[in-house]
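Produce the complete structure using the sequences and hints provided.
Those protein sequences? They're chains A and B, same order as listed.
Start counting the first sequence at 1; every next residue gets the next number (this note's numbering).
Start counting the second sequence at 263; every next residue gets the next number (this note's numbering).
Treat each hint with caution, since some may be false.
Simulated coverage check for chain B against chain A, where a stretch passes if three residues somewhere in it have a Cβ under 8 Å from a Cβ of chain A [to be verified]:
no., segment
1, 380-386
2, 518-532
3, 540-550
Chain B side only, calculated, beta carbon under 7 Å to chain A, not exhaustive [as the list claims (entries may be wrong)]:
no., residue
4, V395
5, W401
6, Y478
7, S482
8, I502
FYI, nobody ran anything at the bench for these hints, they're computed from the structure.
Using N, Cα and C, we set each Cβ at its ideal position, and we do this for glycine too.
If you want the building blocks of each chain, they are given just below.
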Amino acid sequence: MRLAPFRILLGLFCLLVAVWLVMPTLVIIPMSFNEKKSLAFPPSGFSWQWYANFFTNPDWLSSFFNSLRVAGIVAVAATLIGTLASLGLSRMKHSGAGLLRAILITPMIVPGVVLAIGIYAVYLDYQLVGTTTGFVIAHTMLAIPFVIIAVSASLEVFDVRLETAAASLGASRFTTFRTVTLPLIAPGILSGLLFAFVTSFDEIIVALFITSPYLKTLPVQIFTSITRDADPTVTAVGTIIFIATTLIISAGLIISSKSTRS
Amino acid sequence: MSRTSHTLSAGGENARPAGTVQGPQRRLRLAAYPSLLAMPALLLLIAAMGYPLLTVTLRSFSDPAWGLQNYVWFFSTPVNVTVLWRTFSIAAWVTIVCVIAAYPYAYLMTAVGPRLRLVLILCVLVPFWVSGVVRTLAWVILLQDSGIINSVIRLLGFDGVKLIRTQTGVVIGMAQVLLPFMILPLYSVMRGIDLRLVQAARSLGARQARAFLQIYLPLSLPGVFAGAIIVFILSLGFYITPALLGGPRSTMLSTLVQSQVLSLLNWGRGGAMGVVLLVATFVLLALAAPLMRQRHKQASRS
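This is how it looks when you write it as structure tokens:
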């Protein structure tokens, strides 16, 4: 009985935290139907014009497709390189594995702007500013840690005796990998792929430095649009991304719950 | 883990004693040097991170002339020292706010049923569903003088508060972005705490508060440390949120680096600032490493 007020207080506090976490994401949805060209709250009227603007304005569309292209290549490249690295790390005998893992994960903690000016300096020398290659190299490096973390997590729970069993039954190393290891760590690889895609699709700091008028990614377009004029198209883009992600994640949840049930 | 590759290669050899010459050789080579698999990642890291950071460091010592003049300039200019100090103080505030908000939340995640837990986890993950820039824009909408928060405050009969372009606004926005990095490690530690220990303390006559302070809190501290270190380090390098939510009085070091390089084209000074930021990050990590290792040991013991 004495606990009741404490519990209520705890619940209320956590509700507040949950609202704080979610509200900024949701507030952009009503803003995207604003009739006026302003970001003042509350929005007035109702219109689809900012969605129409996104789908017809070449600046927005081209940056969207640039991001999609870069993030697609990055997702594949980072997943390949990162999965190989995690496999190697999990098989390393000596204590060097811990050090190597720590080194491979550093891009996550190096301050973005420091990395960005360095990459910008190098890219200026090698004419990589504003090129897809430049974006892909930088974003793959930034995405690899996420793949390594995701794949390593599933390798940690992976029972290596299964590999031994397959090998003792005469499977070659490659067959063992293809038919035993790969299917079992596939969830980790898939989530690594998703993380890599999102990392690249969302990356802004390095992108701001290595962008050019000819190659802008979506976050750069959003940032310049926010800082230059109060263009509500940004909120429409945000809403589209939010709804697309929600659909993808719910689909993933439904599929995974069905596959575990069967 | 150390036995893995050994048993694997042994098993492979037993299975195919008369294998081709090439097969076992390749198998042996990979089995002996699994680190080769990590080489592509390492090479990319050296090319895309190591080389750029080296370039920045070199320029900080060599641009416009060799010497320490850029660092002397950095530490002798009051504005820079103020900004450096402010960067640390904002990072500290963000960390404190995150700890206060995350601790009860992570605790509740361990205490409720699976359904409610899923809802709580989703609330933590939802912020990741929208790009960071858009989320920062949402904070601009919320915090501006005519924004929702000020409307609510005025509705309650108080005077409006200046939030946008202030340090408070920057801290609110940054803490929201970084909160998941605090909640998730805290939750994973709290989930492993054996609640029977708290019950035992209670049954031995300890009051609720004492059982919490003497049993639960110390056991959860590794999660607090882990989360706090991540949040603090990530805050130090924040760029977008302070740039959009902050004003001239809440500039952080990243913004100074950017303006030195892009606006003033002063690579030496910008590089020196960058190196200061980089060194601060790694010194903090080195200081925190023993704490992290301790956490690992504790986890493996249980």
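message: Under 8 Å between beta-carbons, do enough residues of the segment 518-532 of chain B, three at least, approach chain A for the coverage claim to hold?
response: holds (count 6)
Hinted contact B/W401 with chain A - closest CB pair below 7 Å: holds, 6 Å
message: Interface hint check: B/Y478, Cβ to nearest Cβ on chain A, cutoff 7 Å. Holds or violated?
response: violated, 14 Å
Closest C-beta approach of B/I502 to chain A relative to 7 Å, hint status: B/I502 check passes; min Cβ-Cβ to chain A is 6 Å, inside 7 Å.
query: Would you say the segment 380-386 of chain B counts as covered by chain A, given the rule of at least 3 residues with C-beta under 8 Å?
result: holds (count 3)
Hint check, B/S482 versus chain A [nearest Cβ-Cβ separation less than 7 Å]: violated, 15 Å
query: For the segment 540-550 of chain B, do three or more residues have a beta carbon lying closer than 8 Å to a beta carbon of chain A?
result: holds (count 3)
- request: Mind checking the CB of B/V395 against every CB in chain A and telling me if the closest is under 7 Å?
  value: holds, 5 Å
Hint check: violations occur at hints 6, 7; the rest are consistent with the structure.
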